[in-house]
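Asks: If you're matching them up, the sequences are chains L and Y in order.
Anchor point for the first sequence: position 374 equals 374 in the numbering used here, and the numbering is continuous, going up by one each time.
Anchor point for the second sequence: position 51 equals 51 in the numbering used here, and the numbering is continuous, going up by one each time.
By construction, these hints were calculated from the structure, which means they are not laboratory data.
A hint or two may mislead.
Claimed, not checked - BS3-like, lysine-lysine: derived pairs with alpha carbons at most 25 Å apart: (1) L:Lys75 <-> Y:Lys254; (2) Y:Lys123 <-> Y:Lys163; (3) Y:Lys229 <-> Y:Lys75; (4) Y:Lys186 <-> Y:Lys163; (5) L:Lys191 <-> L:Lys357; (6) Y:Lys363 <-> L:Lys269; (7) Y:Lys75 <-> L:Lys254; (8) Y:Lys186 <-> Y:Lys16; (9) L:Lys75 <-> L:Lys158; (10) L:Lys75 <-> Y:Lys357; (11) Y:Lys269 <-> Y:Lys123; (12) L:Lys163 <-> L:Lys16; (13) Y:Lys357 <-> Y:Lys191; (14) L:Lys186 <-> L:Lys16; (15) Y:Lys123 <-> L:Lys123.
What the hints assert, rightly or not - Each pair of labels, with its calculated beta carbon distance range: (16) L:Glu257 <-> Y:Asn3: 35 to 45 Å; (17) L:Glu257 <-> Y:Lys363: 33 to 43 Å; (18) Y:Gly73 <-> L:Glu305: 54 to 64 Å; (19) Y:Tyr159 <-> L:Lys225: 45 to 55 Å; (20) L:Lys123 <-> Y:Glu312: 33 to 43 Å; (21) Y:Lys158 <-> L:Lys16: 46 to 56 Å; (22) Y:Gly73 <-> L:Asp202: 33 to 43 Å.
We treat Cβ as the ideally placed atom computed from N, Cα and C, and that holds for glycine.
2 protein chains.
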Amino acid sequence: MTNVAVLGVGMHPFGKFENKHIKDLANTAIWNAIEDSGINAREIEAAFVGNCLGGILLGQESVRGQVIMRHAGFKGIPIVNVENACATASTAFRMAWMSVKSGLYDVALAVGVEKMFIGNTAKSIEALTTATDIEVCGNMGLQFTSLYAMNIRKKMDKYGWTKEDLALVAEKNSYNGSLNPYAQFKKPLSKEAVLSSKMIADPITLYMASPMGDGAAAAIICNEKYAKKLSSKPMIRVAASELSSGQASMLESKPTESTTYITVQNAYKQAGIGPEDIDLAEVHDAMSPAELKLYEELGLCAEGEAISLIREGRTKITGDIPVNPSGGLASRGHPVGATGLAQIAEVVWQLRGEAGKRQIKGKNGKLPRFGLTQNDGGYVEGDQAATAVHILSRI
Amino acid sequence: MTNVAVLGVGMHPFGKFENKHIKDLANTAIWNAIEDSGINAREIEAAFVGNCLGGILLGQESVRGQVIMRHAGFKGIPIVNVENACATASTAFRMAWMSVKSGLYDVALAVGVEKMFIGNTAKSIEALTTATDIEVCGNMGLQFTSLYAMNIRKKMDKYGWTKEDLALVAEKNSYNGSLNPYAQFKKPLSKEAVLSSKMIADPITLYMASPMGDGAAAAIICNEKYAKKLSSKPMIRVAASELSSGQASMLESKPTESTTYITVQNAYKQAGIGPEDIDLAEVHDAMSPAELKLYEELGLCAEGEAISLIREGRTKITGDIPVNPSGGLASRGHPVGATGLAQIAEVVWQLRGEAGKRQIKGKNGKLPRFGLTQNDGGYVEGDQAATAVHILSRI
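Chain L on its own, in the form it takes in the complex (with noise of 0.2 Å):
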């Protein structure tokens, strides 16, 4: 069993960068996690790249990947593209692992990026419409808004979940990303401010919601046998990757039969170990109250608890089971194709305790040793598309 590392991470900023291309946004990205991971460049064998708009907003498709790595200097390295809406970038962090895994590569790049400020908010929202089958949802405009609160809602009925409740994860989330020099938004907002913020789609307001961003994540991922020869930085292992598609309605209505569950209990078997043994999670929060469902079924609380984590502080970075400490997509950002590396990178500074204000603490008191990501894409046919679920852990 080949075991698989994670030596470098390095992000470009989420945000409105309505001058800088999108190569530029890789760029700094890929730069970033090569010097994070003290490698040199010429080690990197092969490169996953990851963009889920490109084709519609920018007008590239084809060979994004390899218009990308060029322009940061690679060649003649083989290079794939991969796409699977908000869920790009944590399935080509995926390949990049199986790459290795396989025995292929030594040491391989994944990188995930979007470029979704194009002075053009209608182009923009109509492409993200492309994260579902077009002729059935998206021509008709359903978008992830709609979706989400209608899920919520049922949530609200079910287990008393109150509009307070909603905006409690906005104003934790805003205060992790105002001490997240990559995030989108640095303001820490107040439950009030989240509340009395313009109304999207009841219960949904405008500070929960995930915005439109432009930016970029790297992970460099390597051999664990060869990383000691080429890295001195602490080594954080890929503990379990897991990739599902279409397990479950989005609409569901128990925790313990999403497509989180099913994905996340597959990941924990693979690392050995549950959801106790974890000292944090980045999530798919892209509408801020969905924080709550997923605290159920990544089995961080029990079935109706989560409204009781959420009020106890227990989600904050100084509580015990600190969630989406880079301010999660509603606060650092989202842009769609750059994400899940993105928490990739949040998770192994978290681990490495290189976190800054933000550090949490692990359940020792000292540093935390296993970090979770979870990172959802799409919808077909009301199924989630692609639901990823990553497990990280210091070694």
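Starting from the known structure of chain L, fit chain Y onto it as the hints suggest.
Replies: The following block gives chain Y in isolation, referenced to the frame of chain L:
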């Protein structure tokens, strides 16, 4: 070392199917591959779906594979969307192979599909220009045809290739295509007809150029240990899988400096054989005359000897080293995201002795044993953006 086999292959015919949806094309190829493999569809654990131009031509990005697989009746298996210009399907095949080789899955599906006839030829041609950096070449309208023409002109000057030699390739391949029920064009063309057809980019005439097309191809890939339990079909091993990007300029002059040469040498090494062991090859003749240079780059003959091979009929299906028995890209067709898997399908059928009227013989006068596919995709800054080589062997 996990050995990996191709258990089954399937295609939707290549051609102009204006009333068929991309989902229908893929559906036919997928189910033909399943039927061919003899396995139960429920054995498939993951799908790697290749599509190249659907974002721009059909408006469907993000979850192309999920949409296709759901239409084909699949729910709940992980799906990865892969893109690599004209080498998209080979890349999907390689990812599926890698996933089985890594031990993650026992059975995986690779699909490649493209829908190019959308009732707007200008848009389809524009989409093809995304197989390069749109800002460097794409927006200039520098199409493949002209690049191929420049390359072929150099070879004519250097090695004494005549226009008749170029036409002989199209003559041979159109005859092969006439024997292939999946081919887009089934009319054998004389050398004279090829030469007198419309000039596209001197010396390339219309009948030397691959057409736009709709089509799909698929393969079922399996761990060999598990394969014997699932299927009674003759086992076809993936003896080598190689992928390169940007190794050398498309206008290179020496065969041994080409991306194909570098890639195939790695493939021969992986398979433990040499070019003298190859019984047949399916190669990327997007413009028929390119087949000549590929003879040399693949090592099927020495530098400068390609014209002897074509003049002496050695690469005909009755020759000692048949090339493009399927008809190749110009006759079988080239729906870009499907081509690589159509090459794989042809080699599987040939190795099994199931190629009907175009069946070739191996070196011992019986069934062929080793077949090779070579699939190019796109270019960035003059370099080939992706070249995939696979070697299959009957075991």
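Asks: Indicate, hint by hint, whether the structure satisfies it.
Replies: Comparing the hints with the structure gives:
Annotation: proposed proximity of Lys75 of chain L to Lys254 of chain Y holds, straight-line Cα distance about 19 Å (limit 25 Å). With a CA separation close to 31 Å, the supplied pair Lys123 of chain Y and Lys163 of chain Y exceeds the 25 Å bound. For the suggested pair Lys229 of chain Y and Lys75 of chain Y, the alpha carbons sit about 24 Å apart, so the restraint of at most 25 Å is met. As the CA atoms of Lys186 of chain Y and Lys163 of chain Y are separated by approximately 23 Å, the hinted pair is consistent with the 25 Å bound.
Annotation: proposed proximity of Lys191 of chain L to Lys357 of chain L holds, straight-line Cα distance about 22 Å (limit 25 Å). For the hint linking Lys363 of chain Y to Lys269 of chain L, the alpha-carbon distance of about 50 Å lies beyond 25 Å, and the restraint is violated. Restraint check: the Cα-Cα separation between Lys75 of chain Y and Lys254 of chain L comes to about 19 Å, which is no more than 25 Å; the hinted pair holds. Between Lys186 of chain Y and Lys16 of chain Y, the direct Cα distance comes to roughly 13 Å. Compliance with the 25 Å bound is thereby established for this hinted pair.
Of the pairs offered as hints, the one joining Lys75 of chain L and Lys158 of chain L is violated, with about 55 Å between alpha carbons and a cut-off of 25 Å exceeded. The straight-line distance between the Cα atoms of Lys75 of chain L and Lys357 of chain Y is roughly 43 Å, outside the 25 Å bound, and the hint therefore fails. Restraint check: the Cα-Cα separation between Lys269 of chain Y and Lys123 of chain Y comes to about 42 Å, which exceeds 25 Å; the hinted pair is violated. A distance of roughly 29 Å separates the Cα atoms of Lys163 of chain L and Lys16 of chain L; the hinted pair therefore is violated under the 25 Å criterion.
Distance check on the hinted pair: Lys357 of chain Y and Lys191 of chain Y sit about 22 Å apart at the alpha-carbon level, within 25 Å; holds. For the hint pairing Lys186 of chain L with Lys16 of chain L, the CA-to-CA distance comes to about 13 Å; that is within 25 Å, so the pair holds. Simply put, Lys123 of chain Y and Lys123 of chain L have alpha-carbon atoms about 18 Å apart, close enough for the 25 Å limit, and the pair holds. As the Cβ distance of Glu257 of chain L to Asn3 of chain Y is approximately 38 Å, the hint placing it in 35 to 45 Å holds.
Here the CB-CB span from Glu257 of chain L to Lys363 of chain Y is close to 57 Å, at odds with the stated 33 to 43 Å. With their beta carbons about 38 Å apart, Gly73 of chain Y and Glu305 of chain L fall outside the hinted range of 54 to 64 Å. The beta-carbon spacing between Tyr159 of chain Y and Lys225 of chain L, approximately 47 Å, falls within the hinted interval of 45 to 55 Å. The hinted window of 33 to 43 Å between Lys123 of chain L and Glu312 of chain Y is violated, with their beta carbons roughly 56 Å apart.
A hinted range of 46 to 56 Å for the beta carbons of Lys158 of chain Y and Lys16 of chain L is consistent with their spacing of about 52 Å. Evaluation of the 33 to 43 Å hint for Gly73 of chain Y and Asp202 of chain L yields a pass: the beta carbon distance comes to about 37 Å.
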